[in-house]
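If you count the sequence shown from 1, position 38 lands on 38 in full-length UniProt numbering, and the numbers rise without skipping.
Incorrect hints may appear among the rest.
[To be verified] Taking lysine-lysine and the DSSO-like style, the derived pairs with C-alpha atoms no more than 30 Å apart in a straight line are:
# : residue 1 : residue 2
1 : Lys-70    : Lys-13
2 : Lys-10    : Lys-67
3 : Lys-13    : Lys-62
It should be emphasised that the hints constitute simulated quantities derived from the structure, not laboratory data.
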Amino acid sequence: MEFTEDYPTKPPKCRFPAGFFHPNIYPSGTVCLSILNEELLDTPNPNSPAQSDAFVIFTQQKAEYCKRVKRQALQYPPPS
1 MEFTEDYPTK
11 PPKCRFPAGF
21 FHPNIYPSGT
31 VCLSILNEEL
41 LDTPNPNSPA
51 QSDAFVIFTQ
61 QKAEYCKRVK
71 RQALQYPPPS
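Produce the complete structure using the sequences and hints provided.
This is the structure:
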């Protein structure tokens, strides 16, 4: 997350690693700004999908979605 000197007038820039598996994250890693809030990871917004594969799996195969999210969490540990 990057906060410019224009914050809070302009929102922070939020980016994930390219290919991050989430319905509201574009394949480039850019966040769909309409869902930028504290519930982004826990509660994806199905009304604003940015990644079709993740959206379909999230809405139709919840167990598979959870499995992929857990696997991804191991790939991208929080910075220390």
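Verification of the supplied hints:
Restraint check: the Cα-Cα separation between Lys-70 and Lys-13 comes to about 25 Å, which is no more than 30 Å; the hinted pair holds. A threshold of 30 Å between alpha carbons decides the hint, and for Lys-10 with Lys-67 the separation of about 35 Å lies outside it, so the pair is violated. Restraint check for Lys-13 and Lys-62: satisfied, since their Cα atoms lie roughly 29 Å apart, inside the 30 Å limit.
Hint compliance for this structure: hint 2 alone is broken.
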